[in-house]
Amino acid sequence: KNEVEQSPQNLTAQEGEFITINCSYSVGISALHWLQQHPGGGIVSLFMLSSGKKKHGRLIATINIQEKHSSLHITASHPRDSAVYICAVSPRYQLIWGAGTKLIIKP
Amino acid sequence: GAGVSQSPRYKVAKRGQDVALRCDPISGHVSLFWYQQALGQGPEFLTYFQNEAQLDKSGLPSDRFFAERPEGSVSTLKIQRTQQEDSAVYLCASSTRGRGMNTEAFFGQGTRLTVV
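Going line by line, the protein sequences match chains A and B. If you count the first sequence from 1, position 24 lands on 24 in our numbering, and the numbers rise without skipping. Whatever position you read off the second sequence (first residue = 1), add 1000 for our numbering.
Everything labelled a hint here was simulated from the structure, so no lab data went into it. Mixed in with the good hints, there may be bad ones.
[Stated by the list, open to error] If we take Cβ atoms under 7 Å as the criterion, some of the chain B residues that face chain A in the derived model are:
hint : residue
1    : Y1010
2    : A1013
3    : P1043
4    : Y1048
5    : E1104
6    : G1108
7    : Q1109
The beta-carbon is built from N, C-alpha and C at its ideal position, and this holds for glycine as well.
Next up, chain B with everything else stripped away, as it sits in the complex:
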């Protein structure tokens, strides 16, 4: 497809389980972002990649969260030892140039993670 694709759309994890969330950005998009959106809240920035370089990971809430984009295209957000407070929608966005959100951004449908 032509848009940003995220998988899975829904994930239920038992507390303590590790999860991996995938983002396929639009081909050729340089910038990639991960956001966390708790129920009823606005998205919160997690991390930013420019190609394969993770330029900002200041929003990752703990060292249980890890993101990578090894070849500058697909990105994976990994959460280790999930906790109930990790339950949220995880949004991925990409944009064409290396200017982050100073160019038009395209969002995926998100992955809804529920930790039980």
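Same shape as in the complex, but just chain A:
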């Protein structure tokens, strides 16, 4: 079993839909990261969480430390949100990566 599990692996939605991507992990962590990777592009850090909830624009990330679970939500999704979203956890100093969720938003 992978230490970081993401679901779904692939998600296709219509523009405007509310999107949820889930992440579960099995190790003790100091921080959890949500990252975005566009095809052929680098990785952009969206959030770093150690507790609670963070919001940035249309993106919201939550984490439940007791349940070892985090969610990334996108409100009013737009085709430019199409990317791979990666959950990664930091038990020590390095990241353990989830497999990523490929999100496609259709106009």
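Using the hints, position chain B against chain A.
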């Protein structure tokens, strides 16, 4: 620029050739990481520097891989006698403090290495 800069963006190497990949982290960032991302896969940890000290090189796949950060800023990942399986995107990330990825990380655009 203000972000993490990697060069070259693309590198094609003949099998057996040596390559050097450069990472310019954000000025003042203490922690620096190298990751290897094969096509369709998630990034795999290679090595971690705190300032000039290489604290973890357990992810380097073979002794053909060598990384350095002599002055605690710019880092170079060197691959000797490249093999086809070395073809991947090599990502560099840096963060402000000496707590590794327990602080916000900033990633470069990566260097796509193709060994032919």
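For each hint, the structure was consulted:
1. Y1010: Violated, about 10 Å.
2. A1013: At about 19 Å, which exceeds the 7 Å cut-off, the nearest Cβ of chain A leaves the hint on A1013(B) violated.
3. P1043: Hint on P1043(B): holds, closest Cβ of chain A at ~6 Å, below 7 Å.
4. Y1048: Nearest chain A Cβ about 6 Å off; hint holds.
5. E1104: holds, 5 Å
6. G1108: At 6 Å from the nearest chain A Cβ, G1108(B) passes the 7 Å test, so the hint holds.
7. Q1109: holds, 4 Å
The structure is inconsistent with the numbered hints 1 and 2, although it conforms to all the rest.
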